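Enquirer: One-letter residues, chain by chain:
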Amino acid sequence: MKENTLWMSGNEAIALGAFETGVTVASGYPGTPSTEIMENLSRYEGVYTEWAPNEKVGLEVAIGASYAGARALATMKHVGVNVAADPLFTAAYTGVRGGLVILTADDPEMHSSQNEQDNRNYAFAAKVPMLEPSDPAEAKEFLKTAFELSEELDTPVFLRITTRIAHVKGIVPTGEKTESPIAVGIEKVPGKFVMLPANARKRRAAVEERMRRCAEIAEEADYNVIEEGDRKRGFITSGVSYLYVKEAFPEASVLKLGMCWPLPEQLIRRFAASVDELIIVEELDPFLETHIKAMGISCLGKELIPGQGELNTAIVRTSVEPESGGELFEAPELPMRPPNMCAGCPHRGIFFNLSRMKLFVSGDIGCYTLGFLPPLSAMDSTVCMGAAVPIAHGMAKAIGEGAHDKIVSVIGDSTFIHSGVTGLINTVYNNSASTLIILDNRTTAMTGQQHNPTSGSDIRGEAASSIDLAALCRSVGVRHVYEVDPHDVPKTREVLKEAIALKEPSVVISQAPCVLLPEMKMKKPVSYFTNQENCVGCMSCIRLGCPAISWTPFAEGEAEKRGYKKKQKGISKIDEIVCNDCGQCASLCKFHAITRGEE
Amino acid sequence: MDRQGNILFTGVGGQGILLASEITAYSLLAAGFDAKKSEVHGMAQRGGSVTAQLRYGQRVYSPLIEPGKADILAAFEMMEAARYLPYLHRGSQVVVNTQKILPPSVATGKASYPEKVLDVFKEHDIAVTAVDALDIARQVGEVKTVNVVMVGALSRFLPIDPAVCTEVIETRVPERFRQVNLQAFAAGREASK
Chain D
1 MKENTLWMSG
11 NEAIALGAFE
21 TGVTVASGYP
31 GTPSTEIMEN
41 LSRYEGVYTE
51 WAPNEKVGLE
61 VAIGASYAGA
71 RALATMKHVG
81 VNVAADPLFT
91 AAYTGVRGGL
101 VILTADDPEM
111 HSSQNEQDNR
121 NYAFAAKVPM
131 LEPSDPAEAK
141 EFLKTAFELS
151 EELDTPVFLR
161 ITTRIAHVKG
171 IVPTGEKTES
181 PIAVGIEKVP
191 GKFVMLPANA
201 RKRRAAVEER
211 MRRCAEIAEE
221 ADYNVIEEGD
231 RKRGFITSGV
241 SYLYVKEAFP
251 EASVLKLGMC
261 WPLPEQLIRR
271 FAASVDELII
281 VEELDPFLET
291 HIKAMGISCL
301 GKELIPGQGE
311 LNTAIVRTSV
321 EPESGGELFE
331 APELPMRPPN
341 MCAGCPHRGI
351 FFNLSRMKLF
361 VSGDIGCYTL
371 GFLPPLSAMD
381 STVCMGAAVP
391 IAHGMAKAIG
401 EGAHDKIVSV
411 IGDSTFIHSG
421 VTGLINTVYN
431 NSASTLIILD
441 NRTTAMTGQQ
451 HNPTSGSDIR
461 GEAASSIDLA
471 ALCRSVGVRH
481 VYEVDPHDVP
491 KTREVLKEAI
501 ALKEPSVVIS
511 QAPCVLLPEM
521 KMKKPVSYFT
531 NQENCVGCMS
541 CIRLGCPAIS
551 WTPFAEGEAE
561 KRGYKKKQKG
571 ISKIDEIVCN
581 DCGQCASLCK
591 FHAITRGEE
Chain V
1 MDRQGNILFT
11 GVGGQGILLA
21 SEITAYSLLA
31 AGFDAKKSEV
41 HGMAQRGGSV
51 TAQLRYGQRV
61 YSPLIEPGKA
71 DILAAFEMME
81 AARYLPYLHR
91 GSQVVVNTQK
101 ILPPSVATGK
111 ASYPEKVLDV
121 FKEHDIAVTA
131 VDALDIARQV
141 GEVKTVNVVM
151 VGALSRFLPI
161 DPAVCTEVIE
171 TRVPERFRQV
181 NLQAFAAGRE
191 ASK
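Chains as they are written, first to last, in our numbering: chain D, 1 to 599; chain V, 1 to 193.
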């Protein structure tokens with residue numbers, strides 16, 4: 001590698017870019033594929049970083065920092081922008097003092113998401129410029145450009161990345177650290193920052209003028225670039241799709257748009273006129289295509305290029321030239337390998353119980369969404385962060401009398417704080433009897449164990465105040481709050497039964513730490529093991545679906561030969577390396593066939 | 001393959017594929033190549049089928065390997081080798097850990113682990129080098145070094161001197177794990193002869 005370069009992911013590069021650009025305040029909520037930006041940025045000196053309880057709060061913190069003159073960054077995954085949309089649309093009117101950049105990390109193909117919305121539409125709808133890099137090196141460079149544009153045009157600016165930029169590693173040149181030219185302090189500019197109607201109408205006009213100027217800048221900017229080549233076919237593309245075009249059609253002419261909103265109309269017209277056939281290559285929605293067609297320019301786009309899922313070089317090539325594919329082998333038929341809760345995961349104890357209680361389980365977003373999968377199959381709806389609680393309430397109201405013991409909602413600690421607590425307030429205020437189960441595993445687990453307002457630590461791992469979830473639930477008016485150890489499966493069942501039978505709101509807090517937390521990994525490894533002579537093959541432990549427990553079927557006659565009852569079909573075995581010492585299986589075994597290592 | 005290549009790492013979430021692909025990437029970079037690597041984070045890491053895609057050459061554009069274009073498949077689990085056959089071409093090289101990790105349907109007795117799962121490669125003119133990386137890691141004294149054993153086995157098929165890889169391990173692995181990882185690398189390389 002050359003000097004002054006680093007091997008970095010897009011997210012690491014954006015964090016370095018934020019540091020080099022003089023960002024001093026950054027706030028975000030964890031969400032794949034955006035999480036590592038804030039994690040990395042928190043390690044740089046001189047940058048204040050925080051995990052906000054949700055994306056709306058995160059963006060509002062960044063807006064406040066910008067009003068005070070600081071360069072501020074808010075990071076979130078694509079669906080996080082839905083949560084932050086309220087401040088977004090009005091921050092576009094107020095504009096900024098210090099540069100303000102909103103990082104949206106979209107997830108085409110839904111590797112770790114519940115939808116694949118295309119957030120370029122937010123740039124259009126909110127009238128906010130958007131830059132879109134193609135690789136980690138550009139991600140860092142474009143972040144710097146975004147801050148300069150933000151201050152020049154007095155507007156928030158979007159930086160949009162996708163999974164294949166966030167989690168792609170490449171060579172990234174390092175740069176000099178710069179400072180914002182704007183002084184930090186209080187400056188009262190009420191006509192600008194107070195959006196009551198009379199002021200907002202004036203700012204509305206300013207927004208139009210700013211977007212017109214931004215489009216002019218886009219005509220000349222070096223991030224919108226024509227790469228001249230064979231004129232028979234020209235491609236307009238942006239983001240990671242550019243890389244697929246370069247590889248599939250290295251000879252073709254390309255207009256690479258580093259800014260996907262607003263569009264440089266004259267540049268696009270010039271390029272369109274210079275090629276015989278114009279093809280727009282973009283992932284997800286026909287965003288560029290729609291706006292280019294609205295200019296009266298004829299082009300091909302989604303007639304050829306899929307509008308769902310990720311693209312890659314092969315898809316781009318064969319979409320344009322269907323005859324170009326080579327020999328491809330077919331995969332043999334194999335058992336699927338879906339993700340699974342970890343061995344020792346506290347969620348398993350709850351979902352094992354729920355799977356046997358004939359309930360409608362209104363679920364939420366987190367590792368526990370895996371409770372949907374067999375053998376537990378104990379989740380019946382999942383929509384978005386926080387939705388578990390109001391959906392259960394809405395169902396209860398629709399069904400009316402007798403619904404109280406048929407519906408439960410399940411939510412994680414971080415998701416409850418994100419937007420579940422408002423749903424609980426509604427449940428109490430408007431009085432439905434559904435039971436809420438809060439899975440308190442002391443961390444935001446799905447995205448990689450980030451701290452949150454219930455975990456007692458801040459983003460850097462330093463001590464912070466910790467919300468007492470039971471006290472919070474009581475304070476909003478829940479009279480019945482239970483706390484259970486989910487690893488004791490039968491005891492947990494008793495508590496759940498009692499809570500669900502109540503004809504008024506109740507909360508059950510499942511308390512056991514995530515096994516992936518560093519302090520859990522440091523613990524002396526003790527595992528459970530199977531006393532195979534006692535195993536009767538009842539499969540009680542197998543039905544937990546724990547990755548540490550597996551079933552060995554007997555061949556014909558094997559049971560008797562090994563001294564088991566003739567009808568026994570097999571035995572279970574615990575893999576002691578995989579076991580994480582939770583004891584759920586032992587709490588279910590009625591035949592003393594499972595014992596803890598130390599005992 | 002020499003001046004450019006595509007390496008696909010596959011396995012089960014939690015096996016340490018990211019670190020293995022990282023050591024390989026740093027080794028190729030140290031040998032003067034450009035490279036890009038694509039990883040999957042988030043939900044799939046919870047025990048699901050996972051991949052890391054590493055491409056190297058004079059200049060790499062796309063971070064993704066096209067189906068039919070992977071030159072080497074480094075599979076950390078047998079079934080996860082066969083699953084990615086569509087990424088390979090005639091003449092590809094498979095380096096596979098013969099460890100079996102049972103997916104939920106097999107572990108709960110609903111399905112069985114496929115037999116002779118590696119035969120599928122021979123049928124397509126794909127060379128297979130199989131190593132028992134778990135056993136080697138145990139012998140080295142640390143079961144968590146399965147991933148570095150695999151890098152050792154893979155290194156035999158890379159256009160670089162193994163000393164480059166050991167230097168990367170020396171500089172990138174924390175000191176208390178360094179010695180055992182160097183041993184794991186050497187044992188993996190030896191086993192793939």
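It is worth saying that the hints were derived from the structure and are not from the lab. Bear in mind that the values here come from a model prediction, so they are computed numbers and not experimental data. Beta carbons are placed, not taken as given, at the ideal position from N, Cα and C, and that holds for glycine. Check before you lean on any hint, since a few could be wrong.
[What the hints assert, rightly or not] From the derived model, a few chain D residues whose C-beta atoms are all more than 10 Å from chain V:
1. I297
2. Q532
3. I577
[Said to hold, decoys possible] Straight-line distance between alpha carbons at most 30 Å, and here's what the computed DSSO-like set of lysine-lysine pairs gives:
4. D:K491 <-> V:K100
5. V:K116 <-> D:K523
6. V:K122 <-> D:K561
7. D:K561 <-> V:K100
Enquirer: All hints are to be evaluated individually against the structure, with a verdict given for each.
Expert: Outcome of the hint check:
Every C-beta of chain V lies more than 10 Å from that of D:I297, the closest at about 26 Å, which supports listing it as non-interface. Under the 10 Å C-beta cut-off, the non-interface status given to D:Q532 relative to chain V holds; the minimum distance is some 16 Å. In this structure D:I577 is not separated from chain V by more than 10 Å, as the shortest Cβ-Cβ distance comes to only about 6 Å. For a cut-off of 30 Å, the pair hint linking D:K491 to V:K100 is broken: about 35 Å separates their Cα positions.
At most 30 Å may separate the alpha-carbon atoms for a hinted pair to count; V:K116 and D:K523 exceed this at roughly 39 Å. Straight-line distance between C-alpha atoms of V:K122 and D:K561 comes to about 38 Å, which puts the hinted pair past the 30 Å bound. For the hint linking D:K561 to V:K100, the alpha-carbon distance of about 27 Å falls within 30 Å, and the restraint holds.
Consistency with the previously given hints fails for numbers 3, 4, 5 and 6, ordered from lowest to highest.
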